[in-house]
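Student: Those protein sequences? They're chains A and B, same order as listed. If you count the first sequence from 1, position 183 lands on 183 in the UniProt record's numbering, and the numbers rise without skipping. If you count the second sequence from 1, position 110 lands on 110 in the UniProt record's numbering, and the numbers rise without skipping.
Simulated from the structure, these hints should not be mistaken for lab results. Be a bit skeptical, because a hint or two may be false.
[What the hints assert, rightly or not] Pairs of lysine-lysine residues, derived as DSS-like cross-links and limited to a Cα-Cα distance of at most 25 Å, are as follows:
#1 K57(B) - K57(A)
#2 K194(A) - K245(B)
#3 K204(A) - K151(B)
#4 K245(A) - K194(B)
#5 K44(B) - K245(A)
[As the list claims (entries may be wrong)] To be clear about the criterion: a stretch of chain A counts as covered by chain B if any three or more of its residues have a C-beta under 8 Å from a C-beta of chain B, and this derived list gives those stretches:
#6 15–26
#7 52–59
#8 88–95
#9 105–113
#10 163–174
Quick caveat, the model's predicted, so the values are computed rather than measured. Every residue, glycine too, gets a C-beta built ideally from N, C-alpha and C.
Protein chains: 2
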Amino acid sequence: MDVIELFEKGSELAYKSCIPHVSVDCVVFGFHQSSLKVLLLKMKGFDKWGLPGGYVKTNEDLNNAAHRILKARTGATDLYLEQFNVFGNVGRSEADMAHLPQRFWQRQRFVSVGYYALVNYGEITPVTDRISESCEWRDIDDLPELMMDHKEIMNSALHTLRRNINYTPVGLNLLPREFTMPQLQRLYEIILGKALHRGNFQRKIHSFNILNKLDATPSKNAHRPPILYSFNTDRYNEALQNGLKQDW
Amino acid sequence: MDVIELFEKGSELAYKSCIPHVSVDCVVFGFHQSSLKVLLLKMKGFDKWGLPGGYVKTNEDLNNAAHRILKARTGATDLYLEQFNVFGNVGRSEADMAHLPQRFWQRQRFVSVGYYALVNYGEITPVTDRISESCEWRDIDDLPELMMDHKEIMNSALHTLRRNINYTPVGLNLLPREFTMPQLQRLYEIILGKALHRGNFQRKIHSFNILNKLDATPSKNAHRPPILYSFNTDRYNEALQNGLKQDW
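In isolation and in its complexed conformation, chain A is listed as follows (with noise of 0.2 Å):
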């Protein structure tokens, strides 16, 4: 089946069970060797890259609709997802599907809901389905050309995300289940824009007392083996109710 008989069947099922105008478009965030990374796809038929995205149900609410798209790209649930802006300008999404033929679905103009995710990126598994060819991890700082605005809707997310770092358990969805300091602090460090001083950053987020000092394992030579925690899940969602360093 060639690309334009892809999208054309696509196209009818949208038309049969879609609301017109609206779509998701999903900013999956998972972080790696201490780089924060972007799930992007390559659709068949695209040069650049887009972010995961699709439309909403005609029966079904828009919040699920977001995790049935995610779903679909890495095969999990209960993934943490948040709404953050909403992408509405005229044009923003229609000229990059001008080789389309008119009466298409994708050639409509649509006003999309933007959302991020964040990850375990050790616990999911990018998955490319019929109309696209690569699904993969990219790091934000190396990102490929990408279609449309998904440029700006990626920028908007990382910016809501610093924002609302002291609101949002980025520690606990991002990390592994154990971890050390310095990666939780490279974590803010990337998401923060900025280095941050050890001692003072130890300091505060000991303070908020959310994390379990796990047990050393003995090591068999000579260096002493990383401290490694984990987090008190209780604690740290009660913590975050009043921002971690809300203090007015």
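Fit chain B to the given chain A structure using the hints.
Tutor: Here is chain B on its own, set in the frame of chain A:
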């Protein structure tokens, strides 16, 4: 013209000029007599009150639609306006329109983009239009029954304002040009939903270096007149870039 005819006219206009399934709802906040107010309207033929809202024209950016809708309600341009959330559950808007014929525009499912505006209470005049019988300020602590999910939309706006208070020029937009320190503190207390210590509040606000202290007007009696302040807009906006209390 009876109510059904009014809505039929609106329906015909919308079918001609707007994109289906997308709507805008605006939570307009004002501050008056030590209370936070929200602008509500009562449409003809409805018992419940609602937020000012409308639809998006086919050739209009989403954010411009919100500005246009608010200009029609308040006469004001250049309002401080922020998107905060999208409300997209199945059935959220349909039930309260069930008395209208099925073919009417208003009967379809709408995914509604929520905006909040911060306005200077004294500078705008609520406007009724063809389909509304009242448009009034109401105290957020004393709201009438609201239609659809507008109570949820209102609460979500207030929650966002609370969370983003350190990034949002609440004082600049909600207070008159000249104000007293107790007025500013009261505004923060209402938005944050808690009492603040007077001395701490003043110390923090002064530490941001965003206030101009105005020369006292000579008083004819023995009482000292209250000290008036205005904002140094440049320094205020600069301080908001990093958040007033951001200190990771």
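Student: A separate judgement is required for each hint: does it hold in the structure or not?
Tutor: Right, here's what the structure says about each hint:
1. K57(B) - K57(A): holds (23 Å)
2. K194(A) - K245(B): holds (16 Å)
3. K204(A) - K151(B): With a Cα-Cα distance of about 37 Å, the restraint between K204(A) and K151(B) is violated, given a limit of 25 Å.
4. K245(A) - K194(B): holds (16 Å)
5. K44(B) - K245(A): violated (47 Å)
6. 15–26: holds (count 4)
7. 52–59: Per the Cβ count (3), the hint holds.
8. 88–95: holds (count 3)
9. 105–113: holds (count 3)
10. 163–174: holds (count 4)
Comparing the model with each earlier hint shows violations of hints 3 and 5; every other hint is respected.
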